[in-house]
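*Asks:* Just so you know, the protein sequences line up as chains Y and D, in that order.
When you read off a place in the first sequence, starting at 1, and then add 1037, the result is the number in the numbering used here.
When you read off a place in the second sequence, starting at 1, and then add 1037, the result is the number in the numbering used here.
Be a bit skeptical, because a hint or two may be false.
All copies of an identical chain are treated as equivalent in the list; a pair is satisfied when it fits inside any one copy or across any two copies.
The calculated SDA-like cross-link candidates involving lysine to any residue, where the alpha carbons are at most 25 angstroms apart (straight line), are [said to hold, decoys possible]:
1) K1258 with G1115
2) K1090 with E1310
3) K1163 with Q1120
4) K1132 with E1179
5) K1271 with F1053
6) K1090 with Y1309
7) K1271 with E1229
8) K1083 with V1333
Hints in this document: simulated from the structure, not taken from any laboratory.
There are 2 protein chains.
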Amino acid sequence: MFAVTILGNNSALPAFDRHPTAQIVTMDEHLFLVDCGEGTQSQMAKYKIRRSKISHIFISHLHGDHYFGLIGLLTSMGLLGRQQEIHLFAPPLLKDMIDMQLRVADTQLPFELLFHPLTEEGILIKENKFEVRCFKVQHRIECWGFKFNEVKPLRRINPDKAKEHEVPSSFFERLKSGEDYTTKENAIMKNEWVTEAGIPPKSYAYSADTIYDERIIDKVKDVSLLYHEATYLKDLEDRATKRFHCTTTQAATIAKKANVEKLLIGHFSSKYEKLEDFEKEAKEVFENTELALEGVTYRV
Amino acid sequence: MFAVTILGNNSALPAFDRHPTAQIVTMDEHLFLVDCGEGTQSQMAKYKIRRSKISHIFISHLHGDHYFGLIGLLTSMGLLGRQQEIHLFAPPLLKDMIDMQLRVADTQLPFELLFHPLTEEGILIKENKFEVRCFKVQHRIECWGFKFNEVKPLRRINPDKAKEHEVPSSFFERLKSGEDYTTKENAIMKNEWVTEAGIPPKSYAYSADTIYDERIIDKVKDVSLLYHEATYLKDLEDRATKRFHCTTTQAATIAKKANVEKLLIGHFSSKYEKLEDFEKEAKEVFENTELALEGVTYRV
Chain Y
1038 MFAVTILGNN
1048 SALPAFDRHP
1058 TAQIVTMDEH
1068 LFLVDCGEGT
1078 QSQMAKYKIR
1088 RSKISHIFIS
1098 HLHGDHYFGL
1108 IGLLTSMGLL
1118 GRQQEIHLFA
1128 PPLLKDMIDM
1138 QLRVADTQLP
1148 FELLFHPLTE
1158 EGILIKENKF
1168 EVRCFKVQHR
1178 IECWGFKFNE
1188 VKPLRRINPD
1198 KAKEHEVPSS
1208 FFERLKSGED
1218 YTTKENAIMK
1228 NEWVTEAGIP
1238 PKSYAYSADT
1248 IYDERIIDKV
1258 KDVSLLYHEA
1268 TYLKDLEDRA
1278 TKRFHCTTTQ
1288 AATIAKKANV
1298 EKLLIGHFSS
1308 KYEKLEDFEK
1318 EAKEVFENTE
1328 LALEGVTYRV
Chain D
1038 MFAVTILGNN
1048 SALPAFDRHP
1058 TAQIVTMDEH
1068 LFLVDCGEGT
1078 QSQMAKYKIR
1088 RSKISHIFIS
1098 HLHGDHYFGL
1108 IGLLTSMGLL
1118 GRQQEIHLFA
1128 PPLLKDMIDM
1138 QLRVADTQLP
1148 FELLFHPLTE
1158 EGILIKENKF
1168 EVRCFKVQHR
1178 IECWGFKFNE
1188 VKPLRRINPD
1198 KAKEHEVPSS
1208 FFERLKSGED
1218 YTTKENAIMK
1228 NEWVTEAGIP
1238 PKSYAYSADT
1248 IYDERIIDKV
1258 KDVSLLYHEA
1268 TYLKDLEDRA
1278 TKRFHCTTTQ
1288 AATIAKKANV
1298 EKLLIGHFSS
1308 KYEKLEDFEK
1318 EAKEVFENTE
1328 LALEGVTYRV
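When you get a sec, could you build the whole thing from the sequences and use the hints?
*Replies:* Here you go:
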């Protein structure tokens, strides 16, 4: 499964039972946490996300609504006896703050926290099946977007053919990756006998907090799912620009120009109790838009 | 009103819908926040505590479950346009952390944050009607308890007599403080005509996180209400001691030896889903014990 679960969709501060930014990106067995506003660990508990499964954390920028929940999450993981390492990708100064918070508490995490400072655009993780990249966005302070790509089209299995050639279902994942199957009798079942051209790789881009900036278009071109902030409705474009944020219309314009499959908008201002107009306005420009709602998982 | 409202009664991390430590102490029109674990601002919203009313914040020590919610609360107050100053009493290093968090966010609070480092035992605030003191407790790191004292016995009004002498109810608060009432016709109604000897002053002590330490007894002697941590049930006394915490029995023993009127126990370990045994065990030693439950206001 490749999906995004929203844990917090509000900007700046908690309001109307909406929480500051946090998302879980699931890629098969990997759980990535993207941003971690205050209360993220409680949101995880509420939506039954298993803290222990998170292997990598990405922090876009050092405004509190994107990271104030991180130190609490890390220390809770420690208290629960976590031993598995965590990779943390974030602006360099976050390291100093975490170190200080642990030092004053005379606390050592029982697991390794591998800190990777974000300094330039490019590949952060490269695995067989996926890669994660970061790209710069324009905000009031240094800010990074993240892009999660499946790297290899998986072959599509024809179950009838697979049965006919006696390939067991336990081998299906390897079939998808293009491997041939060798039977106990050493007969080789060619991959192309039982599979068809693969499903094109999917991709998810999270463009964090950003002013309207057409330089993002190239960076998120053709992605399957784009999360773009839409802090304000379109009538407040001046305010959005002044605060290095975007409106519904601006988010949808980026989605349209970047030819993405689907747009998810979030980071709603606490000015707004109801969100219907966000969806309505964005859809006027880009029809395949959904609101990022807390607790909802969106397939990429 | 002199009362304590519990916002968080759990230790270490959120669990079973219990939250890390935070309390509101109300003394007439003053709202004091005592400790501020992660999510305190959301707990305030839930229990309809008006953030804007908080004038003083006291942080006992720099373990995260007692202060990780502070920076979020302060920045939210700023985003909501607060202008009234805040007094913050806390271990010295908290200042450095707050400064750093504001600096990396390129943020300035629109109100004055008056930081008072806790360095020695004694009076922190002295007003006409109350004072607040701090005292040292023994924990794994530097840790402070706080004591809120009414300083003057208020006179008790006899409503019949007050009516008879035509003192309007709008003057009752001043009557309680011992003032005479002067009528429009310049007749003086002596205070003792309409009031009786005052209610003895009340006091509330919060002894924070502490190992069992009989030096606390003198510091909280005879208080009306003592909040004492009881992280574990009595069978885990060894663990409690090792971690500089207390059991139910130990908390109740301090209450008994200090001759307090009433004991409130909290800071429950996340080991325990149900809390009945905490109350039962403490009451075996000190009958007038209550559990500190979230959202409940306990009159001092």
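*Asks:* Please go over all the hints and tell whether each is borne out by the structure.
*Replies:* For each hint, the structure was consulted:
Taking the shortest Cα distances, K1258 and G1115 never come within 25 angstroms of each other, neither inside one copy (39 angstroms) nor across copies (37 angstroms). Taking identical chains as interchangeable, the C-alpha atoms of K1090 and E1310 lie at most 25 angstroms apart only when they sit on different chains, with a minimum of 23 angstroms there against 33 angstroms within one chain. Taking the shortest Cα distances, K1163 and Q1120 sit within 25 angstroms of each other inside one copy (23 angstroms), while across copies they are farther apart (48 angstroms). Taking the closest pair of Cα atoms, K1132 and E1179 come within 25 angstroms of each other both inside a single copy (15 angstroms) and across two copies (24 angstroms).
In this homomeric assembly, K1271 and F1053 come within 25 angstroms of each other (Cα to Cα) only inside a single copy, at 21 angstroms, whereas the closest approach across copies is 41 angstroms. Taking CA atoms no more than 25 angstroms apart as the test, K1090 paired with Y1309 passes between copies only; the shortest distance there is 24 angstroms, against 34 angstroms inside one copy. With identical chains, the CA atoms of K1271 and E1229 are never at most 25 angstroms apart, being 51 angstroms at best within one copy and 67 angstroms at best between copies. Taking identical chains as interchangeable, the C-alpha atoms of K1083 and V1333 lie at most 25 angstroms apart whether they share a chain (12 angstroms) or sit on different chains (23 angstroms).
In terms of the numbered hints stated before, the structure departs from hints 1 and 7, listed from lowest to highest.
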